[in-house]
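Each chain is listed here by its residues.
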Amino acid sequence: MWCSGLHKRYGRRVAVDGVSFTVERGEVLGLLGPNGAGKTTVIKMLLGLVRPDAGEVLLLGRPGRDPRARERVGYLPELFRYQPWLSAAEVLTLHVRLSGARVPAAEQREALALVGLADRAADRVGGFSKGMQQRLGLAVALVARPDLVVLDEPTSALDPLGRADVRDLVLSLRQRGVAVLLNSHLIGEVERVCDRVVILDRGQVAASGTLAELLGRRELRLRLGGVTAAAEARLAATGALARTGEEFTVALPAEDDGVAVPELIADLVALGVRVHSVEPARISLEDRLLGILRHEEQS
Amino acid sequence: MTATLERPAVRTTGVVLTVAGLTLREAGRRRVLWALGALTLILLGLSAWGFAKLASVSVGGAGLTSGEARLAASEVLNLVMFGYSLVAALGTAFLAGPTLSGEIESGMALSLLARPVRRSTVLLGKWLGLVVFGSGFIVLAGLAQFVVVRVAVGYWPPDPVVGLALLAFETAALLTLGLLLSTAISPMASGIVAVGLFGSAWVAGIVGGVGVAINNSSVAAVGTISRVVLPTDGLWRGAMHAIQDPSALRTFGGVEGGAFPFLSAQSLSGAYLGWVVVWILIIGGLAALSFSRRDI
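Protein sequence lines, in the order shown, are assigned to chains A and B. Mapping the first sequence onto our numbering, position 120 (from 1) lands on 120, and the numbers just tick up by one. Mapping the second sequence onto our numbering, position 96 (from 1) lands on 96, and the numbers just tick up by one.
Don't read these hints as lab results, they were simulated from the structure. Each residue gets a CB set at the ideal place from its N, CA and C atoms; glycine is no exception. Hints may be right or wrong, so weigh each one.
Just so you have them, the derived chain A footprint on chain B, three or more residues with Cβ under 8 Å [to be verified]: (1) 23-34; (2) 113-127.
Now the in silico label distances, taken between C-beta atoms and shown as ranges [claimed, not checked]: (3) A:Arg192 / B:Leu90: 52 to 58 Å; (4) B:Arg293 / A:Ala236: 53 to 59 Å; (5) B:Arg25 / A:Gln204: 43 to 49 Å.
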């Protein structure tokens, strides 16, 4: 899946402004961003539900305008609702027919079993709880043997157990070589399953990269006494420096060469600094996300 | 894997039939069928009773002659058939409205339209399902009504097949308009506007009939123009002509009979029927265009 320069305007408000990214086979891409960042609009443009004002989409080798591009795409919308007058099994059969795939009934039942609805196959969807409808939506997204699965907030109505199920499902899809685009505001969820992350803010890509690239930055937290100007300069020479009272935070290079930290401490001691504590830390995706979004706000 | 081997035309037909089947199943399971069935039975029962009474009416101590009875039956039958066409129009307009805009509003359309289907194909499937539903109702209810009249007063319309076909055509025209409206405005509004237009066209038709009767060409033009712009009334008048007793027109004064709401002076021309087909194609094409450009 590939998209480039997607642009969408609703009246005078620009919802999506020049978004480009790709999802490779067997890769899980996380789409992150605050409410109203344009994540769902981007997804809808990928699936031909919303017409982009500009930009191109390529799904599984075909242009997005061609309905056949969606032949092997599964989609769970954020606003999931299925025909209440049909049974769960009938909803799946309907989607299999529309997808043009030939999926035997036994395999359709397996899809329902996979999301824990095996014993509700014959029940009308109208009587389902929100969580069960979302599970059904997952089965709908998976039933026609997709090569690309787009999940828009797939766990919004699920309990912690259901969330763990979705995580396992996404991981098993990746193992089978299926490309997954996951939009979720649950950072922990994204952090656990995604290979790469695209962060959207106000319709633009604020940052993107592999988790290692985005989170690779390590930092060092120090509590120091008697810090002179020379010592502070030495700290700043290592990486970006933040100070609150006696607490110092220094950003470290992504690759650990094994000498940066000991050398820094030795130099600090030589400069007469009293070193109370040294604590290496890794930035969480949440900190990184907040950092990026706040930085955007300031600029 | 096998899916890509299917020829596009075969696949499009498959999608149209799947969506048409879905629409029919919705009508069946949402109890629209039951409600319509119950309404029809009530209407049939009441009309059976009314027609039986009509047969035994006496004017000044003497019963109606068979000619008078036929005349009266034919007139009342037109009135009752108008009731059916109204029920079919209301039913399909209120089914056509929610079916598109309702599904878009609720989000039901999202997962469906993300499938490898063209929106125009989905729309055609919906249209087909609704046409089968609406015409099925008109044909069954209309036939049952003809049988009731036949049993009660011994009257059988001169051209029942043409009459029912034109009523089914009328339903198809109105629901096509309903679909177009529902691609652009909210479900409730589209139903109301479709029924409102249907009613106005009917009234305009009567105004036009009065114009013909009083020989005022500009008033007569009201009916003609409205029949071209929205052909439901034209089709209804054609259907009435096929259902009513031919002697009714002579009795009520030839062409001037057009002023009566339940009497039609002329059968429909081939050119007019051709125009209705073109009209449905235009409105359906506009609906497909508006639906495929819409952001879901």
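task = Output the numbers, in ascending order, of every earlier hint that fails for this structure.
result = none
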